[in-house]
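Asks: In order, the protein sequence lines correspond to chains A and B. Here the first sequence stands for residues 1 to 682, numbered as in our numbering. Here the second sequence stands for residues 1 to 306, numbered as in our numbering.
These are computed hints drawn from the structure, not numbers from a lab. Among the hints, a few may not be true.
[Stated by the list, open to error] Restraint ranges, calculated between C-beta atoms of paired labels, are given here: (1) A:A5 <-> B:E233: 38 to 46 Å; (2) A:S676 <-> B:M246: 27 to 35 Å; (3) A:L13 <-> B:P169: 35 to 43 Å.
Being a predicted model, the structure only gives us computed values, none of them experimental. The C-beta atom is built at its ideal place from N, Cα and C for all residues, glycine as well.
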Amino acid sequence: MSFLAPALLAALLAIAIPIVVHLVQRERRTVVAFPSLMFLRRIPNQSVKRRAIRHWPLLALRILALALIALAFARPFLPTGALSAAAGGARQVVVLLDTSASMGYAGHWARAQEEARRRIRSLGAGDGAAVAFFATDVEIGARSEAGPAALIGAIDRARPGSGITRYGPALRAAAGLLESAAASRREIVLISDFQKSGWDAAQDVKLPAGVTLTTVSVAEPSTSNAALVGLTLAQQAGPKGVIVSATARIVNHAAQPAADRAITLDVDGHRVDARRVALAPGATTVAFAPFALGGRVARVTARLAPDALPADDVFHAVVTAGGHVPVLIIESANPSPDASLYLMRSLDVAAAPGFATRLARTDRVTPEDLAAAAVIVLNDARPPSGAAGRALASAVNAGAGLLVVLGERSAWAGDDPDLLPGRLGAPVDRSGTSGGTLGYVDLSHPAFEIFSSPRSGDLTAARIFRYRAITASGKVLARFDDGAVAVAERKVGRGTVIVWTSTFDSYWNDLPLKPVFVPLVHQVMQHLGRYVEPRPWYTVGDTYDPADAPPVGPARRPAADGAFTVLAPSGRTVEPVPGAGTHIVPLSEAGFYEIRPAAAGGDPIVVAVNGAAGESDLSPIDPAELAASVSAAAGAPGAGTGHEITVEEGERRQSLWWYLLVTGLLLLVIEAAVASRLPRIA
Amino acid sequence: MERRDTRVSMRGAQFVDPSALARIRNLELLARTVVDGFINGLHRAPHLGFSLDFAEHRGYEPGDDLRRVDWRVFARTDRYYVKQFEADSNANLVVALDVSSSMRYASRGITKLDYGRFLAASLLYFSHRQRDRVGLVTFDTEIREYVPPSARHLEFGLYALDRVADGRPGALAPPMLRLTERLVRRGIIVVISDFYDAPEAIANAVRPLRYRGHDVIVCHVLDPAELDFPFTEASSFEDLETGDRMPIVPASVREQYQALVRQHTEALGRLFTDSRIDYALFNTAVPLDHALFHYLSARERLSRAR
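Here chain A stands alone, though its shape is the one from the complex (with noise of 0.2 Å):
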């Protein structure tokens, strides 16, 4: 015989009940009040054995009674014969391992592919299963077509990664895995540590009728964790180069302080710093000594003393020297004394990121100055003719960006490259009244987005003497207020060109006079060379699109048709998936990424990726909350036949129990009638 609830088993001591209330009950019930027991205590064996119970057919009846409705409300029940065949039928069985970087604490894994195999072990010989390993995304291990053993070899084999725990896909996958399963009982086994931060309520899984879920914990009962989450790297331009202050953040999930333990920063595999901090219940954060940048990428990495779940106690970051964008300034051939010189000026004094800057002039530019450059200023000048033209034009078409600066020495010729956001008219002169002002300017676009809030600078303050008319075919970003345009932007390729229809000297305008000039002239720089701020590092689980590294040192952006390696940090090679018009990298390992250009030489793209922090907090849901919320309700419409069998059987066998219970209420009420006939002992 077994039971569906054993625990209530524990009900059988009720079987005392009878026997102490024979022994106290009963002598509670007649106390007689007395003013003094001095004589009575001086008589001796005044007491007489009232304890010995006098009635044992009445008490044999109570603790009956009481053990038949203790063994029903155990729900006992007869595995045999019929019972037993009908009980069973095949399963298909999908076992959920969690891989998570969490599983990687202390004994979880262990535990976990212990329970794993023997799930695996205890499948009949007309069982299927299946064994998906999941965290950010769902692996099938084995299926059992391949045998037992293979089942058991892919879960030895696998082991805890870097990834994020998402309860939601897991199931779906396993939900997926039986839908096309002719078992009668299927049935998903998750096992994991459950933590809170992986399940998300709003994804709303609902697994098809007619299949379990059965939830295995490995959880321990108290954990205690620390982890690193962020490596702040503030730069700061010295004498000698680039200086980093590096400050790592440390989260201590534990309610209580931990000791102190040891933290060290690397940068390219050298020591700079080592430490040791004390970690109170909360976030904690450790400023190391700065160091100075070699080159103009380093790898930094924090490891704190590796506590029960090593994973999230290393912390990767690549920093990133601010950089300069290469841009190409052509003027005439003959231009005026002080045609570039606002516009140089305003390009030296930028840092984060700055500019290299080269003069030429147009008619002695060359093919691999042109391509050497992000952005090229074609300065109230001609665009270069010959091999320079084209080579702008396939500058400009790959990616690079062309800022048009009109005066009266521009001019673009029919044979000239296609590049003008417009047709070029005559000059316009303004300066008979006082000038005109910039009378529209979408803040909207990149270039003007930092005068959007209040004073922060006033485009219109600057005077328009004169400008060159044109008639735009592109965007006009800006108006004069004499409705003329100002500013027009064109795509070419992947190339932006942008036209300012006057000069930035100081005769046609007082523009490079105002505040607003620099950062304006920076912004403009930064569009057209579609400067990214570089990201120190990313997470397990996001994408990396190689077109979005900075477009400075050797480290080149890659071509657009995917032509590049990518190396994991496990060593392996990772195969690009292809995007829109870009091939992108998934990230799922902790640790540095290098990309390296296929066709040319040079230093690979770094990228620095780190756990999840959700990974780190290993609050756990209760697993009975999420097995019912992604359980079918019982009895719902169309579920499965076999599981309605089941159920039917089930019913079956756990009749018994009303049997039990009606048989131990009938002794009850014969004790009752049996008892008020017995005389009171005097």
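Based on the hints, put chain B in the right spot on chain A.
Replies: Positioned in the frame of chain A, the structure of chain B alone reads:
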């Protein structure tokens, strides 16, 4: 179970049932009911115990009782004079009432404490009518209330009796010692208690009062159930003072219990008599006038002895 002590019943006396008295809430009215009824029943000596002394003569006035004319003075002076008397008010009466927890017991009718209160109230009223100074002491392990003896303290005494506090375990010796120290002037002291202690200890506690020259009357109040132990069912008996419980089969201990109580009362009577202390055992089922009669008999005897 209820029994009348026929030895003390008096012809013509009006017996007042203690249970009926319990329905009279006012102690003064109760005492008056008992005492007046008792005195009216004493045909033999309506002024028994009254102490009348000659005070002076005054001239006869019409309406004066002719029996009070002093004929000897008329014979000498040929004038009518009547004799005037002055009541004797030299005696002190102090009633010491045990209010411990054990006195709260009643198998039926009234508790021992109520019986003691009625008895005390009756004695105070009776003595007050005789111009005695009256006082009251209630005690358990210590003196709870003390009304010093005075001719005007009847109401105070009755009031103190009316608001007897919650009972606590009792002990006779400490309050008796304190009482001995307080009562300097000699008088009559009536001690009312159930005396649950060893006879020697009780006698030793009361004797100091006698040694100080007081006339001591001890009233031992017991419930009929304490005398007869009429219980039938095996039960846990709980001590009212200590809370201790003891499983008892009454049938098997009744005779031994009665014998022990009898030995106890006999020992008390013997010890008190040896110390010239008047001792009487009162059953709460017996009317109060028996107690009053006993008191007056004792007082008459004591007055003769003085």
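Asks: A separate judgement is required for each hint: does it hold in the structure or not?
Replies: So, going through the hints one by one against the coordinates:
1. Take A:A5 and B:E233: their Cβ atoms lie about 44 Å apart, and the range 38 to 46 Å holds.
2. The beta-carbon spacing between A:S676 and B:M246, approximately 29 Å, falls within the hinted interval of 27 to 35 Å.
3. The hinted window of 35 to 43 Å between A:L13 and B:P169 holds, with their beta carbons roughly 41 Å apart.
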